[in-house]
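> Here are the chains, one letter per residue:
There are 2 protein chains.
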Amino acid sequence: MSQTIRIAMDAMGGDFAPAEPVKAAVLAVNERENIKMILTGNQAQIEAELAQYEYKKDQISIVPTTEEISCNESPVDAIRRKKDSSMVVALKMVKNQEADAFISSGSSGAVLVGGQVLVGKIKGVERAPLAPLIPTTKGVSLLIDCGANVDAKSHHLVQFAKMGSIYMKHIVGIENPKVAIVNVGAEEAKGNALVKETYPLLKECKEINFIGSIEGDEVHTGKADVIVCEAFVGNVILKHAEGLSKTLIGVIKEGLMSTTRSKLGALMIKPALKQTLKAFDATEYGGAPLLGLKGLVVKTHGSATSKEIKNAIFQCVQFSEEGVNEKIKEQLFPEQNA
Amino acid sequence: MSQTIRIAMDAMGGDFAPAEPVKAAVLAVNERENIKMILTGNQAQIEAELAQYEYKKDQISIVPTTEEISCNESPVDAIRRKKDSSMVVALKMVKNQEADAFISSGSSGAVLVGGQVLVGKIKGVERAPLAPLIPTTKGVSLLIDCGANVDAKSHHLVQFAKMGSIYMKHIVGIENPKVAIVNVGAEEAKGNALVKETYPLLKECKEINFIGSIEGDEVHTGKADVIVCEAFVGNVILKHAEGLSKTLIGVIKEGLMSTTRSKLGALMIKPALKQTLKAFDATEYGGAPLLGLKGLVVKTHGSATSKEIKNAIFQCVQFSEEGVNEKIKEQLFPEQNA
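Chains as they are written, first to last, in the numbering used here: chain A, 65 to 402; chain B, 65 to 402.
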């Protein structure tokens, strides 16, 4: 029997909290026995949500908190001051090893700050990148970094490449994952100052399988398994993908409703289309981990549904079972284990 | 009667040259009387292409050249050394006022270098940005800068905002165009060092209608008419839009072919879908101008078809008739006209 994984969940974070996080916890424990969910947040509200469902009572517990962190406040101030917030309390449980993982759909900035400040980075890790899996025609690729630590230096990007490779190998199961750097041309001489400085460092890095540059139009082709970029660029790509997909699908739906003939056709294609678009749906891929921390911290989208959060919970289990952060520590800093 | 516009076209540039550029010239002159096309390139090849079509002979002429610039050579070296290339000869015609505009589907880098070196920037313009129109759900927005001059400074971005506003007003006909800067959050305090430095400058700039930040997911919503960014980011967005659209439409097409029922439905929706996707098709918007030059330089996509190039030719006519570069000069540097 596999070991039980304890997951501290910020039940008050996200656009649909506490409803969706609580429902996700219920779905997760009803599907798997080796998960214990610890929900932090407003006790009355969480209990009211839980009352709607049948679930295994011993797998879900509540740690009542009195404060919440919103997306409109300074992440640094909020993490420092709101000591009894659902986020801070859950993060501290990971720090104190009372939980194996942390999940929140709340303020990205606060998760990033809280993860680094409260859980702490592995010794030697300079920055903890936020690394979501994005859909490609061949499966998924890791886009690293999409976090809030912008203006990275070349040595940060090299660490991202290494951590991303370990993640793709152990979580997604890709042997010798291909690493590329986001660039504006294929040649080594192309790029901005940061990319020009980073490219040769990646090229000479023996721990990774560096294949060169990846341009904007290649991001979703599966050309690279680990797509390395500075966080400003990563954030723009991630949000652009989300916005453009939504826009395009909206445009297509509108087109389908434009004539009687197309309306009939739309009914006929609906099941097949739904199936295919599902394969390209970000909600299937769960949350984005903050890599390189001493514990597991996962950020789900602000508008994440219970299904998406449930997937992120399962991802945490795998992440924890595979010991990815431990592998990062071992492989990036072997001297620490000597 | 409107004035005749003389357009020097690099007939050897692009993936389908000289076939597509030559066909575009034929389509353009057969549709409009006030255009004269001057095709630079290999005379025999151009004549062979022209021989396939009926067209008004006095509206197309050839200037034979012996060299070509490829996408694989250094733009700076190529522009300097290949003096008898189709691109350099056509650009020089604009410089010498033997042509009113230049169009090429060839090497972007060479067009950018050649435009700035051979045609020259308006006095006071620090950088000439490449500014394509991108599709939005409400029409089009100008993405400025997508060129090869990466690592811009804040004062460059302020000039881009001003030039882009003049373009959107006079070419696209939008009164008081809304200007936004690409960012990773909505608040003024968000962003990388460049954006944080540029934001207050745009805010206090009286000549433009600055509305704040625009995030990746808002790029195609029409929130802003002029989307200002540094060229690395602009290039990534532009190519990402192209790649993701192609991928998504491919995924959808595959889905439509997956069952017998969906195949039948696909036949029924085809006309309506074609119509809608056309509205979202980059080929409708012609070429991207290099703004702020002493003459008109337009870059069409490397894989541009004759239809796309023809649209770019018509755009040149409008650009020339509206005197956008003159307006940039007048409005950005009124002291030069004093």
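These are computed hints drawn from the structure, not numbers from a lab.
Predicted model, so just to flag it, every value in this text is computed and none were measured.
Don't take each hint at face value.
Intra- or inter-copy, both count: the list cannot distinguish identical chains.
Said to hold, decoys possible - Here are the simulated lysine-lysine pairs, DSBU-like style, with alpha carbons at most 35 Å apart:
1) Lys147 x Lys254
2) Lys187 x Lys260
3) Lys371 x Lys254
4) Lys100 x Lys317
5) Lys334 x Lys202
6) Lys270 x Lys338
7) Lys254 x Lys146
8) Lys358 x Lys342
9) Lys187 x Lys338
10) Lys371 x Lys303
11) Lys327 x Lys120
12) Lys267 x Lys317
13) Lys217 x Lys327
14) Lys342 x Lys327
15) Lys159 x Lys310
> Take the hints in turn and mark each one as holding or not.
Quick rundown of the hints versus the structure:
no.	hint	verdict
1	Lys147 x Lys254	between (47 Å within a copy, 24 Å between copies)
2	Lys187 x Lys260	both (28 Å within a copy, 31 Å between copies)
3	Lys371 x Lys254	between (41 Å within a copy, 31 Å between copies)
4	Lys100 x Lys317	neither (41 Å within a copy, 42 Å between copies)
5	Lys334 x Lys202	both (23 Å within a copy, 26 Å between copies)
6	Lys270 x Lys338	neither (43 Å within a copy, 48 Å between copies)
7	Lys254 x Lys146	between (46 Å within a copy, 22 Å between copies)
8	Lys358 x Lys342	within (34 Å within a copy, 50 Å between copies)
9	Lys187 x Lys338	neither (45 Å within a copy, 55 Å between copies)
10	Lys371 x Lys303	both (20 Å within a copy, 31 Å between copies)
11	Lys327 x Lys120	neither (45 Å within a copy, 45 Å between copies)
12	Lys267 x Lys317	neither (44 Å within a copy, 38 Å between copies)
13	Lys217 x Lys327	neither (52 Å within a copy, 51 Å between copies)
14	Lys342 x Lys327	both (21 Å within a copy, 19 Å between copies)
15	Lys159 x Lys310	neither (38 Å within a copy, 44 Å between copies)
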